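Spelled out from the first residue to the last, the chains are:
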Amino acid sequence: MKKVICLLLVCVLVIGAFAGCGPKAPEKVEITWWAFPVFATVDGVSGKYEKELAQKFMDENEGIQVNVEIIDFANGPNKIVTAIEGGTAPNVVFDAPGRVIEWGKAGHLVSVDDMVKDSGLAADITNENVLAACGDGTNYWMYPSSAAPFTMAVSKTALEEAGMLDRINMEGDRAWTTEEFVSLSKDMAAKGYKGFEMFAKSQGGDQGTRAFVPALTGAHLTDSEVSKYTMDTAEGIAAFELIEKGMKEGWLTPSIASDGGMAIKNFVTPVNNTFWCTGLWSPNVAKGNADLMKEAGMEAIGLPFPSPEGTDTSLEYLVNGYAIFKNDDAAKVAASKEFVKFLADDEVIGKETVKATNCFPVRKSFGNLYAGNADMEFYASLSEYYMPYYNTIDGYSDMRPLWYGTLQKIITGEMTGEEAAKYYNTEANKTIK
Amino acid sequence: MVEKITSNKSKPNWYQKLPMKRRETLVSYLFLLPCLFFFVVFVVIPILMGVFTSFFNYTSSSFEFNGLDNYIRLFQDQAFLRSLKNTIVLVVVAVPITVIFALFVGYVLYNRKSFTRSLFRGIFYLPVVTGTVAVTVVWAWMFDQYNGVLNWVLMNMGVIQQEIAWLGDERFALMAIIIILITTSVGQPIILYIAALGNLDTAQIEASKIDGATEWQVFRHITWPGILPTTLYVVMITTINTFQCFSLVQLLTSGAPDYHSSTIMYLVYEMAFTFKQFGYANAMGVILAVIIGIFSIVQYKAFSSKG
Chain A
39 MKKVICLLLV CVLVIGAFAG CGPKAPEKVE ITWWAFPVFA TVDGVSGKYE KELAQKFMDE
99 NEGIQVNVEI IDFANGPNKI VTAIEGGTAP NVVFDAPGRV IEWGKAGHLV SVDDMVKDSG
159 LAADITNENV LAACGDGTNY WMYPSSAAPF TMAVSKTALE EAGMLDRINM EGDRAWTTEE
219 FVSLSKDMAA KGYKGFEMFA KSQGGDQGTR AFVPALTGAH LTDSEVSKYT MDTAEGIAAF
279 ELIEKGMKEG WLTPSIASDG GMAIKNFVTP VNNTFWCTGL WSPNVAKGNA DLMKEAGMEA
339 IGLPFPSPEG TDTSLEYLVN GYAIFKNDDA AKVAASKEFV KFLADDEVIG KETVKATNCF
399 PVRKSFGNLY AGNADMEFYA SLSEYYMPYY NTIDGYSDMR PLWYGTLQKI ITGEMTGEEA
459 AKYYNTEANK TIK
Chain B
4 MVEKITSNKS KPNWYQKLPM KRRETLVSYL FLLPCLFFFV VFVVIPILMG VFTSFFNYTS
64 SSFEFNGLDN YIRLFQDQAF LRSLKNTIVL VVVAVPITVI FALFVGYVLY NRKSFTRSLF
124 RGIFYLPVVT GTVAVTVVWA WMFDQYNGVL NWVLMNMGVI QQEIAWLGDE RFALMAIIII
184 LITTSVGQPI ILYIAALGNL DTAQIEASKI DGATEWQVFR HITWPGILPT TLYVVMITTI
244 NTFQCFSLVQ LLTSGAPDYH SSTIMYLVYE MAFTFKQFGY ANAMGVILAV IIGIFSIVQY
304 KAFSSKG
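Residue numbers (my numbering), protein chains in the order written: chain A, 39 to 471; chain B, 4 to 310.
Looking at chain B on its own, in the form it has when it is part of the complex (with noise of 0.2 Å):
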């Protein structure tokens, strides 16, 4: 038994041979390889044949390397232009209410009695958890023209005399959409919000109390700082998501009236599926990736590098 021991100890195999830190990494790299494996097949290799097919006029029945047409022809199509108008509108709008009121919920329950927070984090997770298709199917009876509710109540309130296309009117459609993402999107934030806040230190903020600092001056420069992380994550998560609408509008309007109410990510759906024009759609979503990028950059540099 020694006499193996001490074999072993004068050959070490390949693996004994390497530094301590290499073999960590290839340890790490093995315990990585499953998940990798799957990242690059579900992941990476679509995103590389999406932008690959971009450059192609690639229909149900043709696959021609077309360079940049697809490109130009974007900035040439009305559609993607009100497309992108909406969806900039839809980030510039729902994120910031979203994130602000999120802030708010979660500030006014976080130090709250147990009962009462979890019943609030519970009302407003629902939306979240009851999945958007049955979330839309309600908010769109209540939107309906002719036999919703929301028109029957301001019509005998006698608020309006005649019934509101809410869904299928340019002034309103974008609307529409924007306040049932907010509904659906303000769940989470506000649940990590509260434990964010839950986990300031209270003897930092007491201790600032007690040497007189008002609330704000507490926010300002306690709680803030303390919660800047989270809302780095919420604003670049629910930026992403909203970026990313396409359901609610799938379901709702379809991009109508005349795409005043579409999405990007609409558009690309449509333009796939319905005109099948698959190398059109892998262009937009090639610039939606890339505008997605910029957002989360800005918004990566406006809340890790300051306080």
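Okay, chain A solo, but in the shape it has when bound (with noise of 0.2 Å):
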């Protein structure tokens, strides 16, 4: 009996090495796309739009398997730089210059040169600064899609209730001034409605106040180089002042427990106060809240940030791209750059995931994907206002803490206005490295 154990074993053995021996079916090239929710959701389902590009992809092309991960806004960068430090980065990532740029720089990226060249992209962008704002001068790090400016919004609904709609400007470009939002959010204020909120618990939608803050006197909050911060100027003296005041006043609203995403929610979905306007919006918040907002009952309307009598606003724009790690395989980074190409530059697939974003299209020769829509025409039209695209700044990570620890400094009391321009300025110019 125990011989005949013995021989079955064997044979089990002798069979199972020479398994591998026969003819076997190519290995497919796997790799993993790590998104941020910046797609429009099918059928309400995070992720669910980026699976469906994923099986596209891989229907055309078999020998590639591609792996979907979504990854938020609050925890995300931190899981990346997890991933690593860990070696599991990644292939492609879907973000923004911001990161991306900074992990190019640290040698955690494969460049995207070639592609920008073989895809005749630089003949083809519509807006210089944006492919600039791609790359760190010297290479490119981030192959981009779409891209729309960071604006204010106000609820349509709030301003009927209040019979100030009026105060509104809704020809052109929607510009207004400093003093008229003062005077309307002071008047909003009095009729209880909660003014625009800043919120400061988090980097998650930082870029709203940020661009908020200096354009309301004017500031600057880096030079025209993008050398160094310059909030510590009168303009930006003041601009911390007005908001400083503003709080005290009850005409702006301290919020160190919300974060961008946050002051969005508490915006379109009113419960227990009602707030007239947010400063965190663009063409995809406004799309990705569109239920909401039907559901809640309210309207909102994108404006630019207000600006002092005679001068132009400062807007932040973002860009949406993707980037491939390192991984010290030429297959998966080809591969990589072959999705990239099919999401980015497709015929069909390109314009569809700039449609899913809501913003708009890098390539000229993509055309007005929007043609007819008034409110795309309106944001459209505020390319014009983009500040310098600072976000690629050396140590813009480091900064983006400290933005929001000053704004938590003057909701506390811990410092003036005064106090926080120069304290900031002279920590955030420490981060450029």
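Among the hints, erroneous ones may be present.
[Claimed, not checked] Keeping only pairs whose Cα atoms sit at most 16 Å apart, straight-line, the calculated EDC-like set for lysine to aspartate or glutamate is:
id: 1; chain 1: A; residue 1: K303; chain 2: A; residue 2: E273
id: 2; chain 1: A; residue 1: K94; chain 2: A; residue 2: E337
id: 3; chain 1: A; residue 1: K286; chain 2: B; residue 2: E166
id: 4; chain 1: A; residue 1: K283; chain 2: A; residue 2: E273
id: 5; chain 1: A; residue 1: K325; chain 2: A; residue 2: E376
id: 6; chain 1: A; residue 1: K447; chain 2: B; residue 2: D214
None of these hints come from the bench; they were simulated from the model.
These numbers come from a predicted model, not from an experiment.
Since each chain comes alone in its own frame, lean on the hints to assemble the complex.
Okay, structure coming up:
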């Protein structure tokens, strides 16, 4: 009996050992795509659209397997840092230049110079600043797909209720002055509405307050060469003093416990309080919250940030694009580049992904994807107010905690506006290495 | 066959040559080996690496030896000092409340009917099994400044005139975290106390009562010494868990306002994954481990020597 069992075991071993020697199906190149939830959802399910895109690509490229993972804005950046340090970074990430350029400079990414050159993107780009934002001056680290301005928004519903809708400029680029904004804020506060939420919990959506504050007094966050922070100028100090005053007087709403996402939620789904405006808006935020607003019975109007009489506002803008991580595997890098080309440049899918972000294509050849849409034409008109793209400055990610930390110091009364302006500027400049 | 046995007896192998005590020790270590492997790989080596890298300027782009600089910097860092203070406040306030409350509930429940005991055990254990994230989301909604139920109730009752930023005001943020921490921490100690109290010698308690002992005397001289080992375990585990409070802070306040609700564990996370200063974060971790060690030794001495 023992001999029989032994013989069987030996047979199993031998068969097992030779099993791998037969003809094998070619192995698939497996890549992982991590995406922030920028695309509009399908059926309200986050990640479903991204998986559909991956499936379409795999149908056309049978030798490549794409695994999709959605990461959120609050924890996603830290998750990527962990993955980079642990050697488990994804192959492709869908993000914005702020973080991407930093990874590129640190040597974690594959340059996409060849993709930019081969696809003729430089000649086809709608705005050269957008392409410049995707590199560090030497290499391109991100392959851009779409862009849109960050703006603020007001609640048409609340303004109508308060009988103040006529205080909003609905003509052209809808520009308005700081004086008009402050006056309206005070009047709305007097009627019991909550004003612009100065959210300062974390870096989530911090670009909103960072664009709003300097715009109020015509200050500039950085110099035009984006070589240093300049919020300690007279205009910068005045801006911080104005928000300090606004929060003390109650026409701005201090909010240390909220980040940008919560501020948007407070705006689009009023429960106990109604916020008449919000400082974090863009065409894709508007689209992403359309269902919630419909359910809450409210309507929003996008507006540029107010600026002093006679000066133009300054707007930050969002650039969506793809970056490819190094992983010492040429096949994976090649597969990742194919996948990125499919997502960004494909005649059909490329346009579809741009529309899914509700942003504007970075390629002129994609044409006007929103013909006849007055709202989108308004957002498109704001491109002339784009401020220098400072998200690629050295130490950008170290500067961000300083920004909301400074707002916290003003809200808690630990610093005056002037002290905060000087503190922020000094510390922010130290982050430029 | 007889010959074979005889020959085996005459030529013992190396193992058989060992004294019985040695042989048992060897076998014990062999049984321990699989666990020891995982312990060394996943606990000992990371600890040693953490201590080692705490002496380096270790960031995403550099790795340079900087001696004790990280440790010196710690005690000049306002954020660390605030986080250290908050962590100690958290331990000093939350641990005694958790232990005393758990002991009280356990004492009240342990000799109740089985149904009542199980019902309350279930109720108090619910926050433990629900998961920190789910519990925190509900609390965050309750504490929300503008849409939260707490401010709504208090304002409608006329207790407050203006919404309170429970999670954004330095006067309340840490207190809010302590409240949630206590609710998620009491479940397990209650279960342990009910079990420990149920195992006490009832004959001894009844005899002391017949001899005229008061309720307090019974507790002081019989119950308390009987549950002391459980108390030691509860106190040490609750203290260590409280020192390592992270998820509540991350999910509720992110340390705001200005690190007034931050803990060392949260700061370690922020320093490592937001600021990418891994060496400095590891130095904080080492200091936290030392503090936990000191607290544990003091607690062990206090609860194990005297009844």
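Quick rundown of the hints versus the structure:
no. : hint            : verdict
1   : A:K303 - A:E273 : violated, 31 Å
2   : A:K94 - A:E337  : violated, 35 Å
3   : A:K286 - B:E166 : holds, 14 Å
4   : A:K283 - A:E273 : holds, 15 Å
5   : A:K325 - A:E376 : violated, 29 Å
6   : A:K447 - B:D214 : violated, 65 Å
Checked against the numbered hints listed earlier, the structure breaks hints 1, 2, 5, 6; every other hint is satisfied.
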